[in-house]
Amino acid sequence: MNRIQYKILSLTGIVLFIMAAIWMTLTYYSRQTQEQYNEILQRYLRMNEVTGASQQTITDLNNYLIRPTQEHLGQLEGSMERLRQAKYDVYALRNGDNDFDLTSYTNLIDSLLDAANRALMFQSQTATEDSNEAFNEATRISRSISDMTLTLLDTELKTYDRFYRGIIERSTELNRLGIWLLLTITFLLLIFAYWFALSITRPVQKLTQAAKELSRGHFDRKIEVSSNDEIAFLAKMFERMRVNINNLITEIQQKAQLEHELQQSKLLLQESRYRSLQSQIHPHFLFNTLDTLSKKAYLEGAEETSDLLASVAGLLRYSLRRMDRSVTLYEEVRVLRQYMDIQTARFADRLRFVEEIDESCLYVEIPGLTLQPIVENAVIHAVEPMEDGGTITFRVANDGDRIRVEIEDNGPGIPADKIAQILKGSAQETEGHTTGIGIGNVVQRLRLFYGQEDVIDIESGPGSGTKVVLRLPRWRRYETDDQRTDRG
Amino acid sequence: MRKTIVLLLGVIGAVLIWFTSVSAYRVFSVDWQLPQTPLQQSAEYRLVLITQELETPFWDKVAAAAREEAAKHGAMLAVWGSYNNDSDEFLKKLEIAIHSRMDGIIVQGLDTDTFKELVKYKAASYGIPVITVGSDVPDSLRRTYVGSDHFRAGRMIARQLVEDMGPEGTVILVRDSGNAHYQEQRLNGIRSVLESYPGIELRYAETQGTREQVIAAMQDLMNRSPDVQAFIAANANLTAAMVQEIGRRSRVQPYHIYSFDDSPDMLTLLRDGLIDGIIEQSPEAMGRISISLMIDWLKGEKLPLDSGGYHTEIRLRKAVDAP
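Protein chains in written order, with the working numbering: chain R, 1 to 488; chain F, 1001 to 1323.
These are computed hints drawn from the structure, not numbers from a lab. Predicted model only: the values in this text are computed from it and were never measured. Heads up, a few of these hints could be off.
Unchecked claim - With a cut-off of at most 25 Å between alpha-carbon atoms, the simulated DMTMM-like pairs for lysine to aspartate or glutamate come out as follows:
1. F/K1122 x R/D101
2. F/K1116 x R/D130
3. F/K1092 x R/D97
4. R/K296 x R/D307
5. F/K1122 x F/D1265
6. F/K1116 x R/D307
7. R/K467 x R/D307
8. F/K1122 x R/D114
9. F/K1120 x R/D110
10. F/K1120 x R/D220
11. F/K1318 x F/D1060
12. F/K1116 x F/E1053
13. R/K255 x R/D307
14. R/K158 x F/D1139
15. F/K1302 x F/D1103
16. F/K1003 x R/E224
17. F/K1116 x R/E137
18. F/K1299 x R/D99
19. F/K1318 x F/D1227
20. R/K266 x R/D457
21. F/K1120 x R/E129
22. F/K1092 x R/E133
23. R/K467 x R/D341
24. F/K1116 x R/D110
25. F/K1122 x R/E365
26. F/K1299 x F/E1053
27. F/K1072 x F/E1117
28. F/K1092 x R/D130
29. F/K1122 x F/D1088
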């Protein structure tokens, strides 16, 4: 969980490693160079040492020959020993190029030592002339040694000329390498640091963007951060929060919808109840009066009038009672017939009513007073204004998992915008309806009752009549909770 | 846009890394050790060839042949010497060679006491064999001599002279004052032939080696002997100056001029017809034979060496032969 820390540490580590590697290489390099210089210098110094030692030997020999004291002898022996040592040192410098000269050189040193010893010997034998002779020889040899030192140094320079030039070239090249190295490392570090910073800031930017979106209320955009550090974790948590909030909001919206629907159904109910209460002023008085009138008409031999009065009374009773409870299609059809009896009496030949009923479909449940307002609507618009009257066809048929109920007239039809208004439930026209219930109310109640939108449809065209189609589910989706008792 | 930038950065990075690695390779791909020329184990003998006339064509040929021969035998050979017959420097070199305890010394003979002393006592005391080459010093106890038979060379020149000039005339012998053994030998050879021709008069001119002195001596001589018919230069070094001086006074062609040694300028003179004949020596043979004799002697394969010397081939080269 410390990816960012890890990233920073690794960056630091890489930088440190590069620095350390360069430092170590350069240190190693300078040490090697120094050793090389030492070796070269050593060679020259050793050769020079021979010259110095031989000259010292001659000087000491001279001193001793002039004044043969013990002190001078000691000095002479010391310098001869030094010369011998120098000889061994210089002998180690042999290589293929100076082999010949160096052998001659060491032999010369031997000859010098011999000559010096000879001088000493003659001195001790007091043969002064021979001693001087030997001394002169030693001096000449010493001079030859000096000359040969120069020759050797010259050979040395020639042998290693390319090598020395190589060293100089290398140091120039080293400077150049330094510059290149600086440029390369700077470049690489810049690139790496940029990439590194981007790998941290880009997820942060994405997160910021996402937060902005959320704050604007866009809860439906997915937050995606494709890094593998803490920011990604943060983004994941953020995303989960977004999903949760989104779910909660959807839930709240659904609840509000339900609330709204409930409210609406309650309002409709209250409206119908209010209307029914309006027409409940003296229902019993009205029923009893109608019953009495019916009996009276019967007794007076007016049987048709008596039946008509009974139908009116039944219709009124039904309309007051069945508003807020479900009934079967059978009952609805019975009331529809009573209503049609009354209307037939009124319009006589002008109204033609055709029934095509599949009796097996009549068990289905339906809200009370659904068919009567539709048929009444048809009577009002398709029969009443027509001089020749009209035909109303009522069909109940089995249609798969639904019951198809059709009320068709051959009136002038309804305009399309009116149909849309009706289906939206916003048409409010209650005038002239027996039961005080408009078709808009019917549409609303049907939809609430079945919980489906496509339960009712109206097909109509100008002059080609109107056909209201109810497609009733055989079973209701859920039971409404208002199983009220009859208040009849 | 982004692709272009990435590509550009990649190219820059690659270029930088390339140059850095090339530079690093150059810096670090060096050998830290001093270059060691391997020692040749087979170098048994250290020999030295000492001459008075370094970098003259004749001695260059000797040295080249000697080096070749030494390399063949796996011996190391150094060529030392002095320039322009500087005998002090030459003797100093010889002494250094002795003090350096060379295994063998091949030296151009120098007929002086110091030389003889060095070879006779010093070299002998260090046990170093000495072979003279080119010119001999017979009484110096050198092991042997390798080079031309100068007496015979003198005789050849003299015979040619008689053939060209006829049995009568005046001949000037020009010699330098060094009294070198080989010069004496040449003169002896010439004399030994001309003795039998009473009609031929020999005159001697002695000069120092330098150009001005040669010219002065020639002027003097030609003033005194206007009837001279032939010149013989006993030493090749004198010839060029001699011919030049004669040429200043008169035409050169009528004179019979002879010389020894075959250096390139001598060949030019010969080609131009300015001189009539020279003695060609064999420097390569001298170098080769001297080295091989020395090595044979050091190995003990050839004991003793013929102290009379090993003579290399000589040829008379006439102007008409010149290409």
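**OP:** Starting from F/K1120, check that the Cα of R/E129 is at most 25 Å away, please.
**Re:** holds (21 Å)
Original post:
Taking only the CA atoms, is the gap from F/K1318 to F/D1060 under or equal to 25 Å?
Top reply: Roughly 24 Å separates the two Cα atoms, so the pair holds.
**OP:** Would you mind confirming whether the straight-line C-alpha gap from F/K1122 to F/D1265 stays at or under 25 Å?
**Re:** This hinted pair is violated, its Cα atoms lying about 38 Å apart.
Original post:
Taking only the CA atoms, is the gap from F/K1122 to R/E365 under or equal to 25 Å?
Top reply: violated (154 Å)
Subject >> Straight-line alpha-carbon gap F/K1302 to F/D1103, limit 25 Å >> reply: holds (16 Å)
Subject >> Restraint status (C-alpha distance of F/K1003 to R/E224 at most 25 Å) >> reply: Holds: F/K1003 and R/E224 sit about 24 Å apart, inside 25 Å.
Original post:
Are the Cα atoms of R/K467 and R/D307 separated by 25 Å or less?
Top reply: Violated. R/K467 to R/D307 sits at ~30 Å, over the 25 Å cutoff.
Original post:
F/K1299 and F/E1053: Cα distance at most 25 Å?
Top reply: Not OK: F/K1299 and F/E1053 at ~30 Å, beyond 25 Å, violated.
Original post:
Keeping to a limit of 25 Å between CA atoms, is the pair of F/K1116 and R/D130 held or broken?
Top reply: holds (20 Å)
**OP:** For the pair supplied as a hint, F/K1092 and R/D97, confirm whether the alpha-carbon distance does not exceed 25 Å.
**Re:** Holds. F/K1092 to R/D97 sits at ~24 Å (cutoff 25 Å).
Subject >> Restraint status (C-alpha distance of R/K296 to R/D307 at most 25 Å) >> reply: holds (11 Å)
Subject >> Satisfaction of hint between R/D114 and F/K1122, Cα-Cα up to 25 Å >> reply: holds (13 Å)
Checked against the numbered hints given earlier, the structure breaks hints 5, 6, 7, 10, 13, 14, 25, 26 and 27 and satisfies all the rest.
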